[in-house]
Amino acid sequence: MVSAVVGLVLFAFVVSTPLWASAGTARVVADLLVLVAVAEAVAVLAGAGVLLIGVFGLSGFGALALVEAVDRLELNPVVGVAVAGGASLVLGVVLVPVVLRLSPVGASLATWVGAAAAAAVAGRVGPLADGAPHDITAVAALGSRDALATSLAVVLGIGAVLAAHGLRRSPSGLALRAATDEPEAAAALDLPLRRARWVTWLVAATVVGAAGAVTAFQQGSVDAATAFSLTAWTVPALIAVGIGGLDSIEGPMVGAGLWVLASELVDGHDVALQLTAVVLALLCQAVLGPGGLWGRVSSAAGLRPFPVHRAYAGRGRAARRDQAR
Amino acid sequence: MSWVRLIAHAVLIGLAAGLVADIVRRGWRSTGRLDPVPLAAALVVPAVAAWASPTDGLGALIVGSALLPLAGFGGAVLAAVLADPTEAGVRTAARSPAHGALAALPAVLVLAAADGVLGLISPDGPRSFGPDSGGVSLRGQIVVTWLALLAAVGAVAAVALSSWLLRRGPLARAWRTWRADPELLALSGVESRRLLAVIGALGAAAGAVVGLAGASAATEAPASAWPFGVVVAAVLVAIGLGERVEALPSFEAATTRQRLGPAVVGMAVGIGVAVVDRQRPGWGLAAVAVAALVVAWFRAWVTRRRSLTGVVW
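Heads up: the protein sequence lines correspond to chains A and B, in order.
Take 1 as the starting number for the first sequence in this note's numbering and just add one per residue.
Take 326 as the starting number for the second sequence in this note's numbering and just add one per residue.
Looking at chain B on its own, in the form it has when it is part of the complex (with noise of 0.2 Å):
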């Protein structure tokens, strides 16, 4: 593979782990809740397209497409059963730091319950996802397929419209409402148990067309949760899920800086991994985690230093 696809490739894969990581944070800074299901749909809907079609990456994307419904409906009945809607996340998690252990739990359970599936799914392996096709050339050899350039754009398109539909209209004015407060919102005839449902079925959707079209990028769909769950991982670290939850909708005050950062990281990360991997064969994920690692580090260490006295943790 020559450097320019390699890289090509790298960009498109790290910005559909970029992606995930965005809805993860976003919906940890509203919820004070790691929500895994848009990672575990980003795995789980290719896996079941790839299945469902394995000789032909369009079919593969299509069959994904129907199957966006349904991840969204799972996501709705997970964010239902695992969202506790009379106690908003906020106040949960800003009342006290211990509670981190809490909401990374379910998390990770959630991932090793979508790590199972894939079992399932894919005993022998990785699936394929559709074979490489017509695309953008240069010199007579292609370097993105016009399959996974179609992905990449639906796949920003998708988070850029679930980041709108929680910023504008009715969902996002209830949504506020939930987050400052419940009883109002219950207050105002609206359930909120309905109202998470609705939001984890968009969070599950967008994860879902993320996930297709990282493996389009790819070529072939996840077999485990643990290899690309650690990348998306890698780059939550990376840019901090935020120290406390805010209090008000965080892209009103975003920068454009905290709106691309995860996209940005994810692209560095996937960069990071394919480059050493080619220098190094099986070294690329270490290098990026400690790479993360020591970022995170100095994150917290510049944060402490800036910090009020009256430090809790």
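Next up, chain A with everything else stripped away, as it sits in the complex (with noise of 0.2 Å):
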């Protein structure tokens, strides 16, 4: 009961943001909800056993479709973003081959190495080959950017949580979680696996495009280096699943709430900021485990605000014949 009345009450504080918020608490608020959304993708897809390194690398796509669907074609920007994710969708369905082909680490490793090229390759060719900042001119003419951004991200943050609730509610999640566990077992049922991971990739790479394209909209203009840095948008993400914690839907969000609380609160000093919180994400995995922050706390409170489990609901003779006992 408590926890869910603090859902709702958390639940209208990020909807209501774009209505009452002045421009920093505004902008703040979507860089967290941004960031919930790259953790949710990133814990999402390591269900399937893919860490998704090469965030950096989606989120620069996301930002160039944007770009591209604003400038080239044209297209109001609050619909561009859509189409960004849209194109990354696309980008999943082509990168599927190497994806999802390779070993869950070498796939692993596969993102980092193809996002690092997709990042040369910006930097040099295209709209962001001079290195300069490439403003879309159609999204920083907008008067109501800044609450329009907000909107995005609020809209992309939830949508994002979602998505992950339902993907790891869904048939595909629990495939998934029973390979996790016995995958031999999950074998001979021959559970949907290889739909189950191609959901989980597409799913992951929409929301790390669309999440690239909702921060090109709020800045206005895009550059390779920040677009496609993997210090702006992996690092933060990793810190927290580490510290929040992998195996839950609240734990990213728990980690993306203490990453960002503890950017504005040492602001200027990034380099220190990112070694501590590295090291507090490796103390976590070692010391707490997958289930990082969030797992002991709702382990220690009962708190489950996003309840993944079922309870055994048997069907047939045996279950009647259980229920009569």
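Since the hints were made in silico from the structure, they are not lab data.
Beta carbons: idealized from backbone N, C-alpha and C, even for Gly.
Take these hints with a grain of salt, some might be off.
[To be verified] Just some of the chain A residues that point at chain B, by a computed CB distance under 10 Å:
#1 V42
#2 V105
#3 S108
#4 V113
#5 A116
#6 A120
#7 R124
#8 T231
#9 I239
#10 V278
[What the hints assert, rightly or not] Now the stretches of chain B that chain A is said to cover, found in silico as 3 or more residues with beta-carbon under 8 Å:
#11 436-443
#12 553-564
With the hints as a guide, dock the two chains, each given alone in a separate frame, to form the complex.
Right, dumping it as structure tokens:
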């Protein structure tokens, strides 16, 4: 009951942000929601065995897709963000043979290598070739850009959380959890693992691409060094899941919240902050396990705002016999 | 820079990346964990050495060598903390491929920590790792400095020595026992955590020596973990980590191709980056990364075609 009330208050706070927040507050909330979305995508894909080190490749692609959609196709900027998410989905489909054919650890490294290649190419051809920030004129000219950017971040963050929750509770999510615990049994049951990995990868690619587009929208410009930056995209996301935890919906949210809070508190000491946060994330993983901080809090306090476990509900004669007992 | 000198430098830098990849892969195939500590040591130790001895390459090498015990200690601590000695990595990793992300997460976090340390050591960009001194000359031009050659020979020797120590002797026996059955090792009176710490120390020290070789060849110490890290990742993607953890030491059944593969691929990657960058500046990494991905995809495709039915992933 308490967690439901707290959840509702938080939800109302986040959704109403564009209505009441000052520009600075709205920016912080937008940053938080974008990071939550990316961290949820990383955590969900980690359930399929792949650590998305190449977050920065997909985010940069999303930003580039927004530039093309708005500048070349002359679409409405808000529609352009949606188109960028769709383009990332298409890119995900194209990359399926590379990502899902390799072993999970190999695929994790491959996302890094591929993203590094994309960053190198993006800095030399296309609208970001000259290295200077590329203004998205139609976005920069919007009078209500900050409010729109925050609204887009709200939609992205809440959408990513709901998508991750739905995915974890779906047959695909259940199949992946079963395969994590007992791969032989999962194979013997012929669970749809290939489809589960497909769906998970495509959701993650779409969310991260859209996150890159939302950030580009918020800034009104794109430059290769930021949009394709490993330290700006991958490191915060991995710190968030490392501290908060990988195997829950709430863990990445907690980790992202702590990271954004710390970033605001110690603004201007980026290297020291990164070093401290990474060490904390390593300690959380080593001492608390994959569940991270939230796993410990959840098990101690019994808090589960986004439950993904299902109670066993048997069917048929055996279940009726069990219930009769 | 002449072509000969360019290729010579690229070979040495690529060799360093290949040797680090070899250490990381060996750890993965044996423990089911991506051990990033050798890579982190390969980055941080040269940076500290260059900071301590900015004008003298030999001095930097000496400082770096003096730091090896410290690197080993750091590797031991991290290995003891990160590895779970009660559950052999062989079992953990072999149990489900879904644990791949759990294996990779600490690796990337340790690299991020190394990147932070490098940012503190070299806030203004890469530090010089000793000026060019005498070396092997061709038509009056130095192709490779003696220091770079000395460091490269030392790196190969260090990796070979660490490999040998994990193949013969009591340490190797204890390691094999741990991989097969940690409880049996405990019953034998060997503490698992201490064993893992010793192996971690060996890997970190070997990685640090390799890093010194790479810095000597490049004549500058790294200022960020990611550029060298992604080259090592490209080598690992190209050679493959191995689909499953082997029950027996990989080197006992390893062919010459498997033993030398990482070093050769590393040198090829180094040459590829240097040559493409020479022709089209800035395109070297992209070209090599795409080539590595194509090789990995092709290998996976062939493996999948040959694999038996019942493949889970």
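Here's how the hints hold up against the structure:
no., hint, in the structure
1, V42, "holds, 9 Å"
2, V105, "holds, 4 Å"
3, S108, "holds, 4 Å"
4, V113, "holds, 5 Å"
5, A116, "holds, 5 Å"
6, A120, "holds, 4 Å"
7, R124, "holds, 6 Å"
8, T231, "holds, 7 Å"
9, I239, "holds, 8 Å"
10, V278, "holds, 4 Å"
11, 436-443, "holds (count 5)"
12, 553-564, "holds (count 5)"
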